[in-house]
Amino acid sequence: MTPRRSSALLALPAVVLGIVFFAWPMVSIIATGLSADPGRIASILGKGTTLSTVWFTLWQAVASTILTLLVGIPAAYAFSRFRFPGRALARVLVTIPFVLPTVVVAIAFLALIGPGGVLGVDLAGTVWAILAAHVFFNLAVVIRTVGSLWSHLDPRLEEAAASLGAKPWTVFRTITLPLLRPSIAAAGAIVFLFSFTSFGIVLLLGAPHLTTIEVEIYRSAALVFDLPAAAVLALIQVVGVTTGLIIYARHQERSGIGQHLLPAVATAQRPVGRQRWLVAAAVGMPLAISVIPIAVIVWRVLTAGGGVGLGSLRAIEAVDPSVVNVASAIGNSLQFGVIACTLTLMVALPAAVVIASRRGPMGRWLDTLLMLPIGSSAVTLGFGFVVALDAPVDLRAWWGLVPIAHTLVAMPFVIRSTVPVIRSIGPRLREAAAVLGATPGRVWRTIDLPMLTPAAAGAAALAFVISLGEFGATLFVARPGGKTMTLAIFSLFGRPGPTNLSAAFALSLLLIVVTGAVVALLERTRAPGVGSF
Amino acid sequence: MLQVADLTVRYGELLAVDEVDLSLQRDETLALLGRSGSGKTTVLRAIAGLVPIVSGTITLDGIDLGPIPPHQRGIGLVFQDFALFPHLDVGDNVGYGLRMQGAADADGRVEEALAMVGLEGLQRRRTDQLSGGQAQRVALARTLAPRPRLLLLDEPLGSLDPALRRTLAEELKALLDRTGVPAIIVTHDTEEAFALGDRVTVLVEGRAAATGPPAQIWNEPRTAEVARIVGHVGIMTATVADGIAVVDGFQVPISAPDGTATLLIRPGAATIGGPIAATVISSRYRGPDWVATVALGDGSIEVSSPEPVSGGEPIDIGIDPTGVTTLA
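Chains as they are written, first to last, in our numbering: chain D, 633 to 1165; chain R, 544 to 871.
Please keep in mind that the hints were generated in silico from the structure rather than gathered at the bench. Even for Gly, the Cβ is constructed at its ideal location relative to N, Cα and C. Errors might be hidden in some of the hints.
[Stated by the list, open to error] On the chain D side, residues computed to face chain R include the following (Cβ under 10 Å):
(1) E790
(2) S795
(3) L796
(4) G797
(5) V904
With the sequences and hints as input, model every part of the structure.
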């Protein structure tokens, strides 16, 4: 018996949302880009700055990916193959950066290695700051994606190779690495995509010559009002992103094929002898990378204004509301977060149910359509809203665009994390319930629903956190009175004065605490799939 | 050639293997028999170098294996569930060990190894397209191809269905005889241990409780625990006075001090018709005959019966004293 086919109608809200607020804006951008005067397109493409922007975007993304893999893979090994004291805490700590708003990441690195930074070196405006921030942000992707496959690999395969005469390094090269390749490729593709479309981090840590396509789209559209240039850049962006997504999808499909996977508990053991040092180094490195920038923000908040204490949180109140209205930003963020969270649950969960129950082309098509926003950068999305949503009704000044943008950004993550859970409710459980006398309705109520609830709670939390931290799209679509916390941090940071700076740090800490709490909660309820990345 | 002395292995608090001694001669196959959790697989893994040992020594041809990492031991290990590399085809699986040795004519030797297990020409087959029996043979070929000095087999037939087990056990026996590789086979199946092992070591809770040729283990298991593990039923307590053991109406001379002793009455020693009045507990059809379980003392014995008998019926039986032995 195949899993019960859920009505395709359940996916309708997601499809409508995707078409109106994703596909249409994207098509509009492409149309704007292509309808520009050919000479103009040629001159945009031929400009040295465009070329160097594309080149820098590409190579920093590749470099970020390689660096993240180099630090992340040993950590994935340590987390998946060993049990050690503090493992759960360490796992939470290395995951927090991934859910931090990029603006907060950028500010943490400015405080650490920016002008007057704690480390005493000013690397702001160098590629090192950008790479470091990207590694910080993306480590969890590698540790979780690669680690989750690694923890299920049968260690006897490696033992078999060793007993056949393979040296430890040869075992890794000929057995472990090939078996892990799908997850490494998938994680690499995701890190590449995030670095390729990096916005907040590059905007704050970069320099005029160190800029990504994403940042240039924003500058062209929002600061210089050169829409054709922005559209052409967005086109290039879409091509790059699509390539990355195709690679990702291909490896995602192949992961785990033909492998005899074991429960993770069976494969983890206590490190002994030299392994202790190995584990300490493999976990210590990403832990340091994850904790230090956050600690710097905490330090800044605690020591602002001379003494040590939380007094500097008052800076939030001291900011002139006519310059940056911090209180309304907090209110807006919470409000948008709740709306985006509700919207995501209403739209993405039913779609996930449909995707999970259809393995045919329909399911795959839907899956791909709803996955697309993950790569198509937030700035492109925001820019698309501005270009497309002026007719038939001019929605561009509508406050609702912000939570809708957030929902679109969150949807792929939520679908990715819930589909495996829904699929794991095998038909046999439903059959068992049915044979025991449960009506279809009771099967749903007593089997599906209880098993789905933790995943749904995890999805809701994830959507909320993503909404809180969203920056790129919000920058485009937020109305003057509808600024969010990330926008407020960005504005405060761009203004002179110690009060503004303190307030920016205080707001950042607030976001860190909220997102950190959510991650810890997710880790405890172990909603699977956030685990996927 | 292989000497294991005082081998002790711990998993954290758990004492998995407790001062086990083993020895293996050239051309010999030793079966390690025990229930799950008795430490038999751990002994194999220790010999292969896959688990750290707490104390004891393992020497192969006079060389202490302690400091030698697994990949340099030259010991072949066939895993339960076979652990075939899923990303490599059959040929590359079998050739893996040869490539590690940098062997010349690896392709030829892969062919040879596959021919040895009756799988000629399957080199390019993917491992997930093999049947259980084929996978088992590929695992054997992979382990034998590099010509290991010692072969370790962990429940080699454990994941196969019963009919296949019997044929493959015979094949395995023939293959071991033909190649002459000394081997240690871990199993929880008495029949398998007796069929494959020249000698059998019974492990109980991490200790080697008995070692000897199959017939000796079966006839003189020495302890009740070993007797139960090899499948004996007729175990009971007897009262001993003046060299005579008494259970209900049955008397047998034994050499034991006065008091109580544990007796083992081997299957076949008891027959219907005789001086002992007993009671049937139950009976089951075995094939040509019925087997009646008959209460005797604080235990029971099995008696062959040409016709069905029901529980509760009285039955007269006789017991051949040569079929009786004492247990510790």
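Verification of the supplied hints:
Hint on D:E790 holds. Least Cβ distance to chain R is approximately 9 Å, under the 10 Å limit. The criterion of a C-beta within 10 Å of any C-beta in chain R is met by D:S795, whose closest approach is roughly 4 Å, and the hint holds. Evaluation of the D:L796 hint against chain R yields a held restraint, the C-beta minimum of about 4 Å falling below 10 Å. Below 10 Å, beta-carbon pairs count as interface contacts, and D:G797 has one with chain R at about 4 Å; its hint therefore holds.
A cut of 10 Å between beta carbons decides the hint on D:V904: the least distance to chain R is about 6 Å, and the hint holds.
Checked against the numbered hints above, the structure breaks none of them.
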